[in-house]
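These protein sequence lines are chains R and Z, in that order. Read the first sequence against our numbering and you will find it ends at 111, with the numbers running on by one and no gaps. Read the second sequence against our numbering and you will find it ends at 114, with the numbers running on by one and no gaps.
No lab work stands behind these hints, which were simulated from the structure alone. Errors might be hidden in some of the hints.
[To be verified] With a cut-off of at most 27 Å between alpha-carbon atoms, the simulated DSSO-like pairs for lysine-lysine come out as follows:
| hint | chain 1 | residue 1 | chain 2 | residue 2 |
| --- | --- | --- | --- | --- |
| 1 | Z | 98 | R | 68 |
| 2 | Z | 57 | R | 56 |
| 3 | R | 67 | Z | 98 |
| 4 | R | 67 | R | 41 |
| 5 | R | 68 | Z | 9 |
| 6 | Z | 9 | R | 67 |
| 7 | Z | 57 | R | 37 |
| 8 | R | 40 | R | 57 |
| 9 | R | 56 | R | 40 |
| 10 | R | 56 | Z | 9 |
| 11 | R | 37 | Z | 98 |
| 12 | R | 57 | Z | 98 |
| 13 | R | 41 | Z | 9 |
| 14 | R | 37 | Z | 9 |
| 15 | R | 37 | R | 56 |
[Stated by the list, open to error] Chain Z stretches covered by chain R per the calculated footprint, using a threshold of three residues with CB under 8 Å from any CB of chain R:
| hint | segment |
| --- | --- |
| 16 | 20-28 |
| 17 | 36-47 |
| 18 | 74-84 |
Think of the CB as a built atom: it goes at the ideal place given N, C-alpha and C, for glycine as much as any other residue.
In case you want the letters, here they are:
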Amino acid sequence: EDKVVQSPLSLVVHEGDTVTLNCSYEVTNFRSLLWYKQEKKAPTFLFMLTSSGIEKKSGRLSSILDKKELFSILNITATQTGDSAIYLCAVSPTGAQKLVFGQGTRLTINP
Amino acid sequence: DSGVTQTPKHLITATGQRVTLRCSPRSGDLSVYWYQQSLDQGLQFLIHYYNGEERAKGNILERFSAQQFPDLHSELNLSSLELGDSALYFCASSLTEKLNTEAFFGQGTRLTVV
């Protein structure tokens, strides 16, 4: 069965800190890994990763995929209170028309 | 705003009842996915429709059914509701049949069964 595990489940840091969120997966015929940010309601797309070792960057957020070790990390530098959210990692297997989600990491940034 | 519209936003109903959740995908998107998010389970894939046809089924109960209409909007029908069906139900849409691009999520329908 396809599985995605995120860690930590919860993280509380101070504004300005750098955080690293982890996502490991077991999936048959991996196609892509996606990161979403969920604040109040709808998850909003952050990154899609398909190739190992290529960093994707958007402002203070960056992510990288390791297809050999079956994991991805999401880094957030110089965190702000607006980064407080649940960060979801999802994997899309080849040929499967669905996303398999992890439990999410609840990130809280204190001022 | 993702462009995906879900109605209603909130729904409170009694056990044993039946409800219908509605989703309008982004303009041009042919795929609609339904997900259930409960506190203890995270986001669980329910079902996927592409251009009116069912393409994949996930952890969807027999009491639940869905369909996608010719105008591409989709409905998720939940019947014989139980307390455990209380959750946030999300619809997402994407352009193609295969998830090789990002999926856009609606704001969700919060269902409370009392």
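Against the structure, the hints:
| no. | hint | in the structure |
| --- | --- | --- |
| 1 | Z:98 / R:68 | holds, 23 Å |
| 2 | Z:57 / R:56 | violated, 31 Å |
| 3 | R:67 / Z:98 | holds, 20 Å |
| 4 | R:67 / R:41 | violated, 30 Å |
| 5 | R:68 / Z:9 | violated, 42 Å |
| 6 | Z:9 / R:67 | violated, 38 Å |
| 7 | Z:57 / R:37 | holds, 25 Å |
| 8 | R:40 / R:57 | holds, 24 Å |
| 9 | R:56 / R:40 | holds, 25 Å |
| 10 | R:56 / Z:9 | violated, 34 Å |
| 11 | R:37 / Z:98 | holds, 22 Å |
| 12 | R:57 / Z:98 | holds, 24 Å |
| 13 | R:41 / Z:9 | holds, 10 Å |
| 14 | R:37 / Z:9 | holds, 20 Å |
| 15 | R:37 / R:56 | holds, 15 Å |
| 16 | 20-28 | violated (count 0) |
| 17 | 36-47 | holds (count 4) |
| 18 | 74-84 | violated (count 0) |
Hint violations for this structure: numbers 2, 4, 5, 6, 10, 16, 18, all remaining hints satisfied.
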